[in-house]
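Produce the entire structure from the sequences given, and follow the hints as far as they go.
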Amino acid sequence: MAAVQQSKFDRVCAILDKYDKNPNKLIPILQDIQEEYTYLPEDIMTFVATALGISSANIYGVATFYAHFTLEPKGKYIIKVCDGTACHVKKSDGILAALEKELGLSKSKKTSDDLLFTLETVACLGACGLAPAVVINDKVHGLMTPESTIALINEIKEAEAK
Amino acid sequence: MSHIDLQAHKEQFRQCMEQYKARIVICGGTGCMANGAGEIMEEFNRVLKEKGLSVTVAMAKEESDYYIAKSGCQGFCQMGPLVTIYPQEDLYVKVKKEDVEEIVEKTLIKGEAVERLLYKDDAGQPIANMHEIPFYKLQKRTALKLCGMIDAEDIDEYIGQDGYIAARKAVLEMTPEEVCKEILDSGLRGRGGGGFPTGRKWELTLVQPGPVKYVICNGDEGDPGAFMDRCLMEGNPHSVLEGMIIAAKAVGATDGYIYVRTEYPLAVDRLRIAIEDARKAGILGKNIFGSTMNFDINIMEGAGAFVCGEETALMASIEGRRGMPQPKPPFPAVKGLFGKPTVINNVETLATVPVVLNMGAEKYAAMGTEKSRGTKTFALTGNVAHTGLIEVPFGATLRQIIVDIGGGVIDDFGNNVGADFKAVQIGGPSGGCLTQEHLDMPLDYENLQSIGAMVGSGGLVVMNQQTCMVQIARFFMQFTQNESCGKCVVCREGTRQMLALLDDIIEGRATGETLELLEELAKMVKVGSLCGLGKTAPNPVLSTLKYFRSEYEEHVFNKNCPTGNCQALKKYAINPELCKSCGLCARKCPVNAISGAKGQPYEIDKSACIKCGACKESCKFGAVSIS
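Sequences listed follow chains A and B, in order.
When the first sequence is numbered by this note's numbering, its final residue is 182 and no position is left out of the sequence of numbers.
When the second sequence is numbered by this note's numbering, its final residue is 1417 and no position is left out of the sequence of numbers.
None of these hints come from the bench; they were simulated from the model.
A quick note: this is a predicted structure, and the numbers were derived from the prediction, not measured.
Treat the hints with care, since some could be wrong.
Pulled from the structure, derived: some chain B residues nowhere near chain A, Cβ distances all over 12 Å [unchecked claim]:
1. T846
2. Q998
3. R1112
4. L1250
5. A1383
Derived EDC-like pairs: lysine to aspartate or glutamate, alpha-carbon spacing no greater than 16 Å straight-line [unchecked claim]:
6. A/K111 / B/D1201
7. A/K111 / B/D1202
8. A/K41 / B/D1202
We put the CB at the ideal spot given by N, CA and C, even for glycine.
The structure is reproduced here in structure tokens:
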């Protein structure tokens, strides 16, 4: 257990060194930490606060201000349904409703219990020519319908079951 | 460090290009990539090699017969994936992997066009040359010219198209004052929405004392429905860098930042490659172009906050703080990033700067209208035939954009209804809507402002007659309410209350008072907010109220949504002639609002109905109707 704990903090130390422990680089530091740990664990944030010489309240403030940061672990597959204007006009809400129903998720519960899927909406992916768009782990799927989206989810589930 | 000889490099590139029998350009924009452009590229490579022909992928350094390049977004997203064959400039649309063999056989080997893959005009006539297609022919691609033509990851291609000549001239041959004057004379105004004259902004920064100044490129393109900056950063990142170098020369800056949304990973990658290549060529770093000027650029990825598109919030974010706007003055030109004089320009503005210098201020200023010079890119989306990215001179009309370039409005049933749109939302959540009466109004900064809309970043969302305007207003309100940073009370709480009032209207709880309250609150939020987000947040509500008041009133007083989009205002009924009395709907109804007996048609108790639609979904005979 002590060894695991050790390596956990080693990784954050490497990130802090990369940015010379410069408090101005707080956002890139948090981005790197989130990439490493998939979310921002509380003890890591406290550690970062001490290392940068700023208050943990300050870090909490930044971490909760930006939509990109999350304080809870996310699923293996992150599904982003675009709800930009163009996608909205082309009925992206139907896709979202179908996904919520299929995965048993809602606005307050975004990650499935098996940590397989996280369902989010994004303001605009800038893929308006392909509206409505759905992104699963950075792969853009354009001109989607509720049916084609559910088909994609089932493909993932099948691949995971193997 | 060796310094690049641009002319020699260009000549070398030209010779290199001449050896190829054809150059195959595959659109690598997000749209085409999602439709399989990557596979098409691999297939070309495979088929050509299979036929014993030599081919070069990217970097034109080896001798071979053909050259395949992946470009940035070509704008014609609806028709993607796009493949263009140079030198003849034939454009193939909606290309599939299976089509590659035929293109190689016919076009590359025999020199004939593959007719079935060409774009067909309204009369069904195929058009081969891309510049003859109405979508491109009617545009004036200036900032976007090289986007979609060159390989964004190859600095040689940019230099081969006169890239960095303007920056070199500015750095070596012009004084900062001359650069500012040239840009001021061109009439270039901020393309991010503000419309402030760029040359004036630079002059204000130039006159500030002190050795440390910054240039920031604002690539935090957050307006839903706008993606021109993304395309520029992905399709021609060097033009953005070149614009920043020229700006740095004009104001005397030594460091630059590009602030890019984290939602644009491809743009971040391509900018990083471009910066690295420019450093190697001595175009960025110390003593650029062999002069005494030092200038380098850093990339900062945003973390998902719309308000960071506001310049003071953006700077707070670079400094590692919450992105909350500050009162102005002091303006960034006086006290900006880390307290130093800073010039912040939008991506499109900066990408236009080298074009202006190459073209000459006078020639650039000849395009557009009297006060809005030059061209503007628009992201054309929504219910329109050809969604995509376009660039037209200021003064173009909606009719030209939607009908001539965009190919007409598409209704909910898939029919092309020409110019019969209900509204066009311009400028995203800060903008307003345009209606049929504005169809022939020349679009420029002044005209749009006079009718309560704005150019904004240039998102144009076309909405057909089946769109509910109250829902659209609610959509934007939800967006601004989410994105309000919380600093100003009227913005934070005002947008929340406005959203609740709009929900009342949509869900049938509104009274006449609701509309009055909504308008009063809208005016208050406008006046009481510090930054552009709050000041413009009520615009979509005010503008839809202005042009579609009767639609609001229909919702409020008659509890009826004319377009039938508002779920709670729908009235479900069972058609007694179609009902087979199977009773399935009654069993499915979660609130037991349906009653009936065998042999008699079932009925819905309207006072108990919660309008969930379960009955309509379950009925096998289509007997449940909505009015």
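Hint-by-hint comparison with the structure:
no. : hint             : in the structure
1   : T846             : 28 Å, holds
2   : Q998             : 22 Å, holds
3   : R1112            : 4 Å, violated
4   : L1250            : 10 Å, violated
5   : A1383            : 22 Å, holds
6   : A/K111 / B/D1201 : 13 Å, holds
7   : A/K111 / B/D1202 : 11 Å, holds
8   : A/K41 / B/D1202  : 55 Å, violated
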